[in-house]
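Residue numbers (UniProt numbering), protein chains in the order written: chain A, 1 to 256; chain B, 1 to 422; chain C, 1 to 182.
Hints are computed from structural coordinates only; laboratory data are not their basis.
Predicted model, so just to flag it, every value in this text is computed and none were measured.
A portion of the hints provided could be inaccurate.
To be verified - Here are the in silico distance ranges between beta carbons for each label pair:
no., chain 1, residue 1, chain 2, residue 2, range
1, B, Ala409, C, Leu36, 47 to 55 Å
2, C, Thr132, A, Asn80, 39 to 47 Å
3, B, Met369, A, Ser116, 44 to 52 Å
4, B, Ser181, C, Thr132, 52 to 60 Å
5, B, Leu133, A, Met33, 40 to 48 Å
6, B, Pro171, C, Cys146, 51 to 59 Å
7, A, Val28, C, Asp48, 36 to 44 Å
8, B, Asp299, C, Val27, 51 to 59 Å
9, A, Asn80, C, Leu52, 18 to 26 Å
10, A, Ala126, B, Phe165, 42 to 50 Å
11, B, Gly183, A, Ala131, 23 to 31 Å
12, A, Val28, C, Pro169, 52 to 60 Å
Stated by the list, open to error - Pairs of lysine-lysine residues, derived as DSBU-like cross-links and limited to a Cα-Cα distance of at most 30 Å, are as follows:
no., chain 1, residue 1, chain 2, residue 2
13, A, Lys231, C, Lys47
14, C, Lys75, A, Lys85
15, A, Lys249, B, Lys35
16, C, Lys180, C, Lys47
17, A, Lys231, A, Lys38
18, A, Lys57, A, Lys38
19, B, Lys417, B, Lys226
20, A, Lys253, B, Lys417
21, C, Lys69, A, Lys109
22, B, Lys417, B, Lys332
23, C, Lys69, A, Lys85
24, B, Lys226, B, Lys35
25, C, Lys47, A, Lys57
26, C, Lys75, A, Lys109
27, C, Lys111, C, Lys75
28, B, Lys343, B, Lys417
29, A, Lys253, B, Lys226
30, B, Lys35, A, Lys253
31, A, Lys249, B, Lys226
32, C, Lys110, A, Lys85
33, C, Lys110, A, Lys109
34, A, Lys109, C, Lys47
35, C, Lys180, A, Lys85
36, A, Lys85, A, Lys109
37, A, Lys38, C, Lys47
38, C, Lys180, A, Lys109
39, C, Lys69, C, Lys180
Glycine included, every Cβ here is placed at the ideal spot set by N, Cα and C.
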Amino acid sequence: MRKFALTAIAAAFALTAFANASKASEGVVPPEMDWSWKGLFGTYDRAQLQRGFQVFKNVCASCHSMRYLAFRNLEGIGFNDDQVKAIAAEYDIEDGPNDDGEMFTRSGKPADHFPSPFPNAKAAAAANGGATPPDLSLMAKARAHGPDYIHALLTGYEEEAPAGVEMAEGKHYNHYFPGHQISMPPPLYGDDVEYTDGTEASIDQEVQDVTAFLNWIAEPELEARKAMGMKVLLFLLVLTAMLYAVKRKIWAKIEH
Amino acid sequence: MSAPVWNNKVVKWVDDRLPIISMVHHAAYEYPTPKNLSYMWNFGSLAGFILVTMILSGIFLVMNYTPHADMAFDSVERIMRDVNYGWLLRYLHVNGASMFFICVYIHIFRGLYYGSYKAPREVLWWIGILILLAMMATAFMGYVLPWGQMSFWGATVITNLFSAFPVIGDPLVTWLWGGFSIGNPTLNRFFSLHYLLPFVILGLVVLHVWALHAVRSNNPTGVEIKTPQDSIPFHPYYTIKDLFGMGVFLIIYLYFVFFAPNFFGEPDNYIMANPLSTPAHIVPEWYFLPFYAILRSIDFSFLGMPAKLLGVLAMFAAIIVLFVIPWLDTSKVRSSRFRPVYKWFFVLLIIDCFVLGYCGAKSPADPFMGLQGLQVITMGQLATLYYFLHFLVIMPVVGKMERPKPLPASISESVLKGGANA
Amino acid sequence: MSQTVQSSGDTPDENRRDFLTLATTAVGVVGTGMALWPFVDSMNPSKDVLALSSVEVNLSNIAVGQAIKVMWRGKPVFIRHRTEREIKEAEDVALNQLVDPETDDARVQKKEWLIVVGVCTHLGCIPMGTATGEPRGDFDGWYCPCHGSHYDSSGRIRKGPAPLNLHVPTYTFLTDTSVKIG
Chain A
1 MRKFALTAIA AAFALTAFAN ASKASEGVVP PEMDWSWKGL FGTYDRAQLQ
51 RGFQVFKNVC ASCHSMRYLA FRNLEGIGFN DDQVKAIAAE YDIEDGPNDD
101 GEMFTRSGKP ADHFPSPFPN AKAAAAANGG ATPPDLSLMA KARAHGPDYI
151 HALLTGYEEE APAGVEMAEG KHYNHYFPGH QISMPPPLYG DDVEYTDGTE
201 ASIDQEVQDV TAFLNWIAEP ELEARKAMGM KVLLFLLVLT AMLYAVKRKI
251 WAKIEH
Chain B
1 MSAPVWNNKV VKWVDDRLPI ISMVHHAAYE YPTPKNLSYM WNFGSLAGFI
51 LVTMILSGIF LVMNYTPHAD MAFDSVERIM RDVNYGWLLR YLHVNGASMF
101 FICVYIHIFR GLYYGSYKAP REVLWWIGIL ILLAMMATAF MGYVLPWGQM
151 SFWGATVITN LFSAFPVIGD PLVTWLWGGF SIGNPTLNRF FSLHYLLPFV
201 ILGLVVLHVW ALHAVRSNNP TGVEIKTPQD SIPFHPYYTI KDLFGMGVFL
251 IIYLYFVFFA PNFFGEPDNY IMANPLSTPA HIVPEWYFLP FYAILRSIDF
301 SFLGMPAKLL GVLAMFAAII VLFVIPWLDT SKVRSSRFRP VYKWFFVLLI
351 IDCFVLGYCG AKSPADPFMG LQGLQVITMG QLATLYYFLH FLVIMPVVGK
401 MERPKPLPAS ISESVLKGGA NA
Chain C
1 MSQTVQSSGD TPDENRRDFL TLATTAVGVV GTGMALWPFV DSMNPSKDVL
51 ALSSVEVNLS NIAVGQAIKV MWRGKPVFIR HRTEREIKEA EDVALNQLVD
101 PETDDARVQK KEWLIVVGVC THLGCIPMGT ATGEPRGDFD GWYCPCHGSH
151 YDSSGRIRKG PAPLNLHVPT YTFLTDTSVK IG
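Work the whole structure out from these sequences, hints included.
Okay, here's the thing in structure tokens:
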């Protein structure tokens, strides 16, 4: 048993080290932040998510789409039924064809998805100097270091490129962007929104809030997953201990 | 083995007409098993358990998956967000693939260490390699299905390997694709085969177990069962031991599923496939890395064969060589426990495989483990060289020259001596 | 040797083993059972399907005597703007003549609007009689062509193999000319 445990632990370590070593490590490593949803028991902060949503819809959403966000999902960040309906109704959604065969716009409903600012990727690229603003629904999972990277990127702009770096037309110097030349101008300056909960909208506050929101929309199942995981692992620990006891008993009379 | 007598009339009625109950009874109940199997012998049943988990979660995932280039990515996200427990099914499946390979690789190295491939277990060993090949094909095609960037570009790179073959190469690749690049027809056929192959694996597993029961389990001493004192019935001794192992395994597996579900994954696969842009750094899944390193390490042409073709041949040879090791191993002793010299070469082989894996993950021009002056590609070439040397030279030569330690007369004798020479 | 084995069955140690095995088996079986639930539940309607489970219908274009079909949860719903005669017929039927006795009052919210799920309660075909010119059966309602069930102007089964009246979905009138089904 001791040998087995040692082998298992050694194997786990070797594997983890191996898997970590084999991760692609491009670009500058962003500083590690202390997010509320980290760790075995981490959860989202609903107020923070709502503030992040405010930043997203007032700032990011003018260029970026969020195709996997349906208004009904906003119940997950603490809005009630009526609030969700009210938020959905603020947006115009194209629907149809109606009985006359025409497309028409109507106000949004909870089942609708968040409308994209551009009709298609080409239109988005054309309006943004040739660079398509990526969809943000999975951003926190689609970049190495996820939320840490988003946080670092949003705060990593430099007004002046370091000496000797030739900036291309329409690009902005960012310390954390691979290649450092990013098409997106600095999106947040502080006081870009007026928070409904009265929190002071400093740039750092805004960046943390919108990062939290982006992580939530990438992993909306996170809280349910961890809560279930705790119960499952506790159950398995008990069951495995019992199985071990039974095994000891059964093998007690066998010389092996 | 005499057929058991069934007291239950229904059981007897069925068994007289289709002796399936007797068969299972032989295989999973009274099967005489060496009494000295270590926990290294748990990984076969574990692999079988994951196969079942994979098939089950896969069947339920398919109920909500759409194999179309325009809809596959969205349908996977719908599974993650809207389908009840869809995230659980998907993360079970995704991490299950990694767990499957971990168990199977441990199982294979266990076989290598204890000489489980040696006569009379050659066919058992062959079927095992066929299972590994089928698993690799299944895993590769499954990785394409979410239609993310890594799916798309992984599929592009791997299918392009076949273009290395002279004359037939290009038509072969076009045929695999069903077009002039990876596209919707490719996704559809990969989906079809990804659903088919696990059942082929299941069939091979039945043959594997059948062959096992014909030749009996090997054991840490490598000495065959000689008297009834050497063996114990499979049930309850090994059923309970396997169940306990399964408990430990599930704790590890489900830890990843619930708390680090994307640990083995690449972030780029959460970006929808884009045929116009390749990710900056593409890597295969970890379980293919050693083979990928062997592929890449051939950067020279030889005998008029281009590097690309040689690389592909070397990669396939790395697995094909496993088929002939029952004859490459010239030692009279099975278990490395009694092989003082080969034992160390075996350790070297394991290190070699990890080095290959590391090299497969890094860019060829990177320094190896931060060592300036030693490029990943060079280290990969050395490691590839050792891999083949190990099987083609070291195995036959050491087997002839080494003087093994004295074997115990029987399994029971080694057990009674205790851990003295364990 | 065999005697020792025999007698050891009565020792407390042996009982503990039995209890332990039993308890472990029970825990294992319960765990397996619970593990199956996510698989089963994944086949239930997903959240996006549930979110689309109601429709709003504009009634202002339906003339008296006409009927329309709308899709609701993948099934047709019949909305009939009933004439005075149809309403009277539906109200005047004695309950003891009905296979599935229900008053017309209990089946409508506003007398002129009959809203029913357009699926025959026999084996799931869609009865005819919604579009003008289609056969409406012997009772001024609907006629199912599959096995000949006749429904009246309240959607109640009157003749044929169907066992129950056409199902009335939950609905609410948002305004006089707009209704939300589901």
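Hints violated by the structure (listed by number, smallest first): none
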